[in-house]
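Enquirer: The whole structure should be built from the sequences, with the hints applied where relevant.
The residues making up each chain are set out below.
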Amino acid sequence: MASIEEKFNQISPSEFFYSNRDLAGFSNPTRSLYTAVREFVENALDACDQKGILPDVYLTIKAVDPDKPDPKPYILTVKDNGPGIDAEHIPLAFGTVLYGSKFGLKQARGMFGLGATMAILYGQITTNQPVTVKSSSDGKIQNQFEILLDIQKNKPIIVKHTTKEVTKTGLSVSICLEGDYSKAGGKIRDYVYETSLITPYASLTFDDPKDEKFTHTRFVKEIPPPPTIIRPHPHGIDVERIRRMIVESQFEIPIIDDAMIEKVRKDLGLSVKKLSFTSIMEKAKSKWKNLPRQVRVVVSLMSFLKMDFEKLNKIKIEDIDVSNKKLFYWDFGDSQSKSVDMDPESMYYKQLTNTVQGEPLTTFLTKRFQRIGPSTAVKFAEFAKFKPERRMGTLTNQELVQLSDSLQKFEDFMAPDSSCLAPLGAEPLEKGIKKFFNPDFVAVVQRPASAYSGFPFIIEMGIAYGGDIKSGGPHVYRYANRIPLLYDEGSDVVLKVVNETDWGRYKVKGEPPFIIVSHICSTRIPYKTAGKENVADRQEIERELRLALQFLSRKLSSFMSKRGQSEMAKKRANLYAKYIPMIAEFCTELSGNKKQPNYKKMLETEIASEIKKVEDEENIIETI
Amino acid sequence: MKPSKKEQDSKIKARSKKADDKQKTILEMLQSHGAKIYDDLDNGQFPKFSIPSRSVSNIVYDKKLRQYILGNNAALRSSRNSSQLRSFTQLIWLAFFANRLTNERKSSTLRDIYYSSQAFAVEFEDQSESDNIIVDLEAVTSRAREDFHIFPEERSSIFGDLNIEYTIPGYEGKTMNLANHPDGYSIGPSLTTAELVDTSAEIVIAIEKGGLFTRFVEEQVDKKFKSIIINTGGQAPRSTRTLLKRLHDEMKLPVICLTDGDVYGEHIAMVIKSGSANAAHLRELTVPDAKWVGVWATDIEKYKLPTIPMTEADIKRCYDLQKDPRYQDGIWKKELDVFLRIKRKAELEAFSKYGLTNITDKYLPQKLELAKSL
Numbered sequence: 002m003a004s005i006e007e008k009f010n011q012i013s014p015s016e017f018f019y020s021n022r023d024l025a026g027f028s029n030p031t032r033s034l035y036t037a038v039r040e041f042v043e044n045a046l047d048a049c050d051q052k053g054i055l056p057d058v059y060l061t062i063k064a065v066d067p068d069k070p071d072p073k074p075y076i077l078t079v080k081d082n083g084p085g086i087d088a089e090h091i092p093l094a095f096g097t098v099l100y101g102s103k104f105g106l107k108q109a110r111g112m113f114g115l116g117a118t119m120a121i122l123y124g125q126i127t128t129n130q131p132v133t134v135k136s137s138s139d140g141k142i143q144n145q146f147e148i149l150l151d152i153q154k155n156k157p158i159i160v161k162h163t164t165k166e167v168t169k170t171g172l173s174v175s176i177c178l179e180g181d182y183s184k185a186g187g188k189i190r191d192y193v194y195e196t197s198l199i200t201p202y203a204s205l206t207f208d209d210p211k212d213e214k215f216t217h218t219r220f221v222k223e224i225p226p227p228p229t230i231i232r233p234h235p236h237g238i239d240v241e242r243i244r245r246m247i248v249e250s251q252f253e254i255p256i257i258d259d260a261m262i263e264k265v266r267k268d269l270g271l272s273v274k275k276l277s278f279t280s281i282m283e284k285a286k287s288k289w290k291n292l293p294r295q296v297r298v299v300v301s302l303m304s305f306l307k308m309d310f311e312k313l314n315k316i317k318i319e320d321i322d323v324s325n326k327k328l329f330y331w332d333f334g335d336s337q338s339k340s341v342d343m344d345p346e347s348m349y350y351k352q353l354t355n356t357v358q359g360e361p362l363t364t365f366l367t368k369r370f371q372r373i374g375p376s377t378a379v380k381f382a383e384f385a386k387f388k389p390e391r392r393m394g395t396l397t398n399q400e401l402v403q404l405s406d407s408l409q410k411f412e413d414f415m416a417p418d419s420s421c422l423a424p425l426g427a428e429p430l431e432k433g434i435k436k437f438f439n440p441d442f443v444a445v446v447q448r449p450a451s452a453y454s455g456f457p458f459i460i461e462m463g464i465a466y467g468g469d470i471k472s473g474g475p476h477v478y479r480y481a482n483r484i485p486l487l488y489d490e491g492s493d494v495v496l497k498v499v500n501e502t503d504w505g506r507y508k509v510k511g512e513p514p515f516i517i518v519s520h521i522c523s524t525r526i527p528y529k530t531a532g533k534e535n536v537a538d539r540q541e542i543e544r545e546l547r548l549a550l551q552f553l554s555r556k557l558s559s560f561m562s563k564r565g566q567s568e569m570a571k572k573r574a575n576l577y578a579k580y581i582p583m584i585a586e587f588c589t590e591l592s593g594n595k596k597q598p599n600y601k602k603m604l605e606t607e608i609a610s611e612i613k614k615v616e617d618e619e620n621i622i623e624t625i
Numbered sequence: 580m581k582p583s584k585k586e587q588d589s590k591i592k593a594r595s596k597k598a599d600d601k602q603k604t605i606l607e608m609l610q611s612h613g614a615k616i617y618d619d620l621d622n623g624q625f626p627k628f629s630i631p632s633r634s635v636s637n638i639v640y641d642k643k644l645r646q647y648i649l650g651n652n653a654a655l656r657s658s659r660n661s662s663q664l665r666s667f668t669q670l671i672w673l674a675f676f677a678n679r680l681t682n683e684r685k686s687s688t689l690r691d692i693y694y695s696s697q698a699f700a701v702e703f704e705d706q707s708e709s710d711n712i713i714v715d716l717e718a719v720t721s722r723a724r725e726d727f728h729i730f731p732e733e734r735s736s737i738f739g740d741l742n743i744e745y746t747i748p749g750y751e752g753k754t755m756n757l758a759n760h761p762d763g764y765s766i767g768p769s770l771t772t773a774e775l776v777d778t779s780a781e782i783v784i785a786i787e788k789g790g791l792f793t794r795f796v797e798e799q800v801d802k803k804f805k806s807i808i809i810n811t812g813g814q815a816p817r818s819t820r821t822l823l824k825r826l827h828d829e830m831k832l833p834v835i836c837l838t839d840g841d842v843y844g845e846h847i848a849m850v851i852k853s854g855s856a857n858a859a860h861l862r863e864l865t866v867p868d869a870k871w872v873g874v875w876a877t878d879i880e881k882y883k884l885p886t887i888p889m890t891e892a893d894i895k896r897c898y899d900l901q902k903d904p905r906y907q908d909g910i911w912k913k914e915l916d917v918f919l920r921i922k923r924k925a926e927l928e929a930f931s932k933y934g935l936t937n938i939t940d941k942y943l944p945q946k947l948e949l950a951k952s953l
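Heads up: the sequence lines are chains A and B, in that order.
If you read the first sequence in this note's numbering, its first letter stands for residue 2, the second for the next number, and so on.
If you read the second sequence in this note's numbering, its first letter stands for residue 580, the second for the next number, and so on.
Since the hints were derived computationally from the structure, they do not count as laboratory data.
Treat the hints with care, as some may be off.
Okay, derived cross-link-like pairs now, SDA-like style, lysine to any residue, Cα gap no bigger than 25 Å in a straight line [as the list claims (entries may be wrong)]:
no., chain 1, residue 1, chain 2, residue 2
1, A, Lys602, B, Ser661
2, B, Lys627, A, Arg266
3, B, Lys601, A, Glu590
4, A, Lys601, B, Ser661
5, B, Lys643, B, Ala856
6, A, Lys571, B, Gly623
7, A, Lys579, B, Asp621
8, A, Lys596, B, Asn682
9, A, Lys595, B, Glu607
10, A, Lys596, B, Ile605
11, A, Lys595, B, Met608
12, A, Lys596, B, Gln624
13, B, Lys912, B, Leu644
14, B, Lys902, B, Lys883
15, A, Lys579, B, Lys912
16, A, Lys571, B, Leu655
17, A, Lys571, B, Ala856
18, A, Lys601, B, Ser611
19, A, Lys579, B, Gln697
20, B, Lys627, A, Lys290
21, B, Lys615, A, Lys290
22, A, Lys571, B, Ser661
23, B, Lys601, A, Asn594
24, A, Lys579, B, Gln706
25, A, Lys595, B, Asn682
26, A, Lys510, A, Arg525
27, A, Lys579, B, Ser695
28, B, Lys788, B, Glu704
Cβ pair distances, simulated, as ranges [stated by the list, open to error]:
no., chain 1, residue 1, chain 2, residue 2, range
29, B, Ser636, A, Glu501, 53 to 63 Å
30, B, Glu704, A, Glu501, 35 to 45 Å
31, A, Lys601, B, Gln706, 53 to 63 Å
32, B, Phe699, A, Lys613, 42 to 52 Å
33, B, Glu704, A, Ala578, 18 to 28 Å
34, B, Asp903, A, Ser562, 39 to 49 Å
35, B, Phe699, A, Lys602, 21 to 31 Å
36, B, Asn622, A, Ser610, 15 to 25 Å
37, B, Ile894, A, Ser610, 53 to 63 Å
Please read all numbers here as calculations on a predicted model, not as lab measurements.
Note that the Cβ used here is the ideal one computed from N, Cα and C, for glycine as well.
Expert: Printed below as a string of structure tokens:
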């Protein structure tokens with residue numbers, strides 16, 4: 002019988018992304034140039050946000066050989082005034098895939114800094130040029146690296162490393178990549194423009210391959226409050242995550258060697274002199290509260306073994322069988338396995354079970370998740386059909402799945418903590434819209450935080466009408482975590498909600514000059530694709546979008562009707578001024594009078610009152 | 580015996596006084612409307628007046644009057660209401676213009692009105708808008724537009740032994756016999772306002788078509804059947820209906836109608852008899868005793884007339900008329916049902932199949948005889 006020998010190779014993350022680069026938005030020279038710009042600009046903004054620095058971001062794209070036709074190599078440089086990166090981290094941060102500083106649970110534009118490395122990888126495979134990184138984290142010394150990626154080993158190769166003196170912190174990343182600016186230019190300019198709308202506290206400059214400069218100066222001087230890093234919400238968790246959390250909460254039985262015995266001796270404050278088992282236990286009891294965990298475990302073991310240090314030195318703990326209350330050990334002297342019973346009433350027994358079996362379920366819940374109190378934890382245990390004091394370490398695989406399912410289903414958990422979110426805020430958003438569109442009407446709303454699958458999110462939305470806005474609306478500006486979304490808008494949930502709105506109901510008709518700005522903030526945006534361009538229609542998000550849009554639409558509607566009324570009043574005043582004198586003229590002859598009736602005063606009063614109405618309406622409109 | 584000159588003079592005077600009185604009444608009425616509006620304005624108020632509603636829901640059939648009339652619904656038209664201001668102004672202008680026409684005894688046409696408005700900066704979108712305002716004036720004053728010297732363009736004609744005497748300016752006292760000109764006389768403002776002096780005729784035949792009218796004159800139907808022949812030119816214009824009514828009321832002549840053998844022909848006769856819904860705001864336009872003698876649907880079979888099939892529109896019209904209260908009994912209902920059954924129609928000219936004079940030699944005498952029993 003022939004056997005087929007299969008060979009399994011482990012591939013490095015770099016290699017994986019190299020062969021799947023389409024997923025991350027590097028499918029062709031046009032899209033890749035745009036994606037690379039996005040990744041570096043977003044990293045720069047994220048870095049500044051984290052340290053509360055007002056960002057100055059400088060983006061340059063220059064063709065290596067301007068006379069060549071597209072697609073061709075371009076040098077893309079993004080420079081910021083952020084905190085920089087320490088020299089020791091630079092090679093790993095820019096020379097390996099899956100190395101980053103953004104692993105906590107909070108809102109950021111990108112996750113893990115993966116995209117930037119992808120851009121570097123794409124640059125390297127299309128032009129074979131290293132990435133140039135200039136960074137100063139102390140504002141005195143700048144480290145300059147030229148780095149290549151070893152794709153197979155997922156390791157950086159430092160081509161060059163120099164330093165020089167500088168006066169400011171900041172990071173500059175420069176890559177050479179194959180791109181098509183003639184096709185991507187429009188999107189990149191839109192991206193910079195739209196980014197400056199949602200990041201009004203940043204100054205963005207774009208120096209393009211045709212030496213055209215696009216400068217967007219900050220018009221808000223305050224950075225919105227930064228998000229905090231928080232514990233996960235039970236709804237946003239899966240079995241694997243629980244397993245890892247349990248491992249974190251469990252402790253190994255320490256290996257009792259000479260060093261350990263020495264440590265226990267020291268912590269108990271015992272001198273070198275020999276002590277009996279009883280006196281050791283007495284000493285330990287008196288100092289118990291101040292003892293570190295490892296020492297407590299050793300003392301607990303000793304209490305059941307009834308051994309002093311000398312004897313302890315001659316055995317090895319094999320197993321602590323909590324359920325059968327037995328302690329197994331190997332005796333080197335007799336070369337055989339032995340066991341002793343453990344008294345479940347003793348405090349030492351508790352200490353050992355804690356260590357071996359992990360925390361009780363309720364402690365696990367309150368300590369490791371956000372916003373769960375002791376009483377909720379007990380209620381949940383009942384709901385999930387676990388004993389509240391059940392040790393996490395004793396859960397079987399099946400029980401873990403049951404726990405995970407119950408965590409998803411239990412409805413009495415509080416809504417996820419939204420302090421990890423960083424919405425822009427209604428005021429800066431309104432300022433931005435006013436500055437960009439100079440509209441006749443603007444309304445903004447920030448919805449209260451909500452959650453889908455345990456991930457908190459906040460919807461911010463603005464609506465503007467008239468002014469410099471082009472007709473043919475509504476034009477929708479989509480943002481997610483302060484990133485403009487420019488591609489694939491057809492399948493986006495925001496577009497879906499906008500398109501399903503019957504604008505006639507809100508007195509918006511024809512091809513109105515009308516824009517909608519939508520911003521979804523979340524610790525995890527449910528993108529439909531890895532390209533991060535369209536948001537999936539999660540029911541909870543769709544609902545919040547709808548509520549936000551309805552709220553704003555009603556305001557728009559009242560503006561439109563006020564505007565309609567004021568137009569009507571103007572029209573009425575004109576009509577009176579035109580027709581009443583005619584009626585007066587005709588009826589004078591008809592009635593056989595010589596002199597016209599005395600109607601002028603009435604007409605003036607009426608027109609004045611209509612004009613006053615117009616002014617009143619305009620005042621109201623301004624205060625909406 | 581020929582009346583003496585003196586007698587004649589006094590007659591003319593009496594007639595012209597009658598015309599003067601009528602003119603005076605109209606002018607006074609217009610003036611009073613004008614005065615009300617003038618006073619409103621003078622008192623610092625937006626003038627307004629009420630106008631009978633001409634909507635379908637307010638048009639009802641009056642069995643006693645045997646015509647459609649307007650119900651009691653009225654709408655207030657106010658110059659304060661900006662959506663009514665324009666039509667309000669148009670209507671005041673029209674009253675003002677009608678006042679001038681009546682005063683100066685000048686006549687005008689519907690189209691004239693449309694163009695005249697432009698000299699006064701009164702805007703009408705098109706003639707149908709100005710026509711509509713004219714109907715408004717009729718409704719407000721309960722007077723036909725002809726009373727304000729406004730006439731439609733379409734003319735029908737009349738032929739037969741009838742002496743008339745003009746009352747229009749420049750022709751006062753002049754007489755005319757309407758059998759003098761074989762093409763007939765067109766029924767215009769001067770004829771409708773003329774005095775009907777005398778006639779030897781014993782019946783009025785209203786016929787739908789000009790071609791048959793000419794044939795009837797040629798065949799001397801007027802003499803043979805002692806009749807006055809009127810060509811209605813399709814649906815009879817108001818002036819013609821007014822004249823028909825006067826011939827019936829003043830000269831005591833019976834009126835019969837001869838139309839094409841189709842649903843439209845039947846309705847032409849009905850409108851002469853009992854008016855149209857469009858003119859529900861007006862009385863004095865109907866001849867309730869008028870009779871429709873043909874061509875009936877039953878005639879088509881009886882006289883074996885060449886026919887053409889009814890169109891979809893024809894059939895729909897039949898069903899529409901079936902709902903009309905005037906078509907609920909008698910010959911009107913019977914013939915309508917037959918039209919619907921045979922779904923064919925025949926024109927007056929169809930008789931030519933049996934010779935050009937067949938209609939006057941055979942058909943007409945039979946029908947005239949029949950009319951007596953209707």
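Enquirer: It remains to establish, for every hint, whether it holds in the given structure.
Expert: Hints and how they fare:
Taking the CA atoms of lysine 602/A and serine 661/B, the gap is near 18 Å; set against the 25 Å cutoff, the hint holds. Between lysine 627/B and arginine 266/A, the direct Cα distance comes to roughly 112 Å. Violation of the 25 Å bound is thereby established for this hinted pair. The straight-line distance between the Cα atoms of lysine 601/B and glutamate 590/A is roughly 20 Å, inside the 25 Å bound, and the hint therefore holds. Note on lysine 601/A and serine 661/B: the hinted pairing holds, with a Cα-Cα distance of about 18 Å set against a maximum of 25 Å.
Restraint check for lysine 643/B and alanine 856/B: the C-alpha separation of about 16 Å stays at or below 25 Å, so the hint holds. A hinted pair counts as satisfied when its Cα atoms are at most 25 Å apart, and lysine 571/A with glycine 623/B qualifies at roughly 21 Å. Restraint check for lysine 579/A and aspartate 621/B: the C-alpha separation of about 18 Å stays at or below 25 Å, so the hint holds. Proximity of lysine 596/A to asparagine 682/B is assessed by CA-CA distance (about 20 Å); at most 25 Å being required, the pair is judged to hold.
Of the supplied pair hints, the one linking lysine 595/A and glutamate 607/B holds, its CA atoms being roughly 17 Å apart against a limit of 25 Å. Restraint check: the Cα-Cα separation between lysine 596/A and isoleucine 605/B comes to about 23 Å, which is no more than 25 Å; the hinted pair holds. For the given pair, lysine 595/A sits about 19 Å from methionine 608/B by alpha-carbon distance, which is consistent with the 25 Å threshold. Under the criterion of a C-alpha separation no larger than 25 Å, the hint pairing lysine 596/A with glutamine 624/B is consistent with the structure, at around 17 Å.
Simply put, lysine 912/B and leucine 644/B have alpha-carbon atoms about 20 Å apart, close enough for the 25 Å limit, and the pair holds. In summary, the hint linking lysine 902/B to lysine 883/B is not supported, as the alpha carbons are separated by about 29 Å, beyond the 25 Å threshold. The suggested pairing of lysine 579/A with lysine 912/B is violated, with an alpha-carbon distance near 54 Å, which exceeds 25 Å. Taking the CA atoms of lysine 571/A and leucine 655/B, the gap is about 24 Å. The hint holds against a cut of 25 Å.
Between the alpha carbons of lysine 571/A and alanine 856/B the distance comes to roughly 40 Å, so the proposed pair goes past 25 Å and is violated. With a CA separation close to 23 Å, the supplied pair lysine 601/A and serine 611/B stays within the 25 Å bound. Our distance criterion of 25 Å between C-alpha atoms is met by lysine 579/A and glutamine 697/B, whose separation comes to about 15 Å. Restraint check: the Cα-Cα separation between lysine 627/B and lysine 290/A comes to about 99 Å, which exceeds 25 Å; the hinted pair is violated.
About 107 Å separates the Cα atoms of lysine 615/B and lysine 290/A, which puts this hinted pair outside 25 Å; it is violated. Under the criterion of a C-alpha separation no larger than 25 Å, the hint pairing lysine 571/A with serine 661/B is consistent with the structure, at around 11 Å. A distance of roughly 22 Å separates the Cα atoms of lysine 601/B and asparagine 594/A; the hinted pair therefore holds under the 25 Å criterion. Taking the CA atoms of lysine 579/A and glutamine 706/B, the gap is near 22 Å; set against the 25 Å cutoff, the hint holds.
Using a Cα cut-off of 25 Å, the hinted pair lysine 595/A and asparagine 682/B holds, with the two alpha carbons roughly 17 Å apart. Of the pairs offered as hints, the one joining lysine 510/A and arginine 525/A is violated, with about 36 Å between alpha carbons and a cut-off of 25 Å exceeded. At most 25 Å may separate the alpha-carbon atoms for a hinted pair to count; lysine 579/A and serine 695/B meet this at roughly 19 Å. The straight-line distance between the Cα atoms of lysine 788/B and glutamate 704/B is roughly 33 Å, outside the 25 Å bound, and the hint therefore fails.
In this structure the hint that serine 636/B and glutamate 501/A lie 53 to 63 Å apart at CB is violated, the actual value being about 39 Å. Checking the proposed 35 to 45 Å range against glutamate 704/B and glutamate 501/A shows it holds: the Cβ atoms sit about 39 Å from each other. Hint check: lysine 601/A to glutamine 706/B, Cβ distance near 34 Å, so the stated range 53 to 63 Å is violated. For the pair phenylalanine 699/B and lysine 613/A, the supplied restraint of 42 to 52 Å is violated, since their beta-carbon distance comes to about 32 Å.
For glutamate 704/B and alanine 578/A, the Cβ-Cβ distance of about 21 Å falls inside the hinted range of 18 to 28 Å, so the restraint holds. Checked against the hint of 39 to 49 Å, the pair aspartate 903/B and serine 562/A passes, with Cβ atoms roughly 45 Å apart. One distance hint, 21 to 31 Å for the beta-carbon pair phenylalanine 699/B and lysine 602/A, holds here, with the actual separation near 25 Å. Judged by the Cβ atoms, the range 15 to 25 Å given for asparagine 622/B and serine 610/A holds: they are separated by roughly 18 Å.
The hinted range of 53 to 63 Å is satisfied by isoleucine 894/B and serine 610/A, whose Cβ atoms lie roughly 57 Å apart.
The structure fails hints 2, 14, 15, 17, 20, 21, 26, 28, 29, 31 and 32 (numbered hints given earlier, in ascending order).
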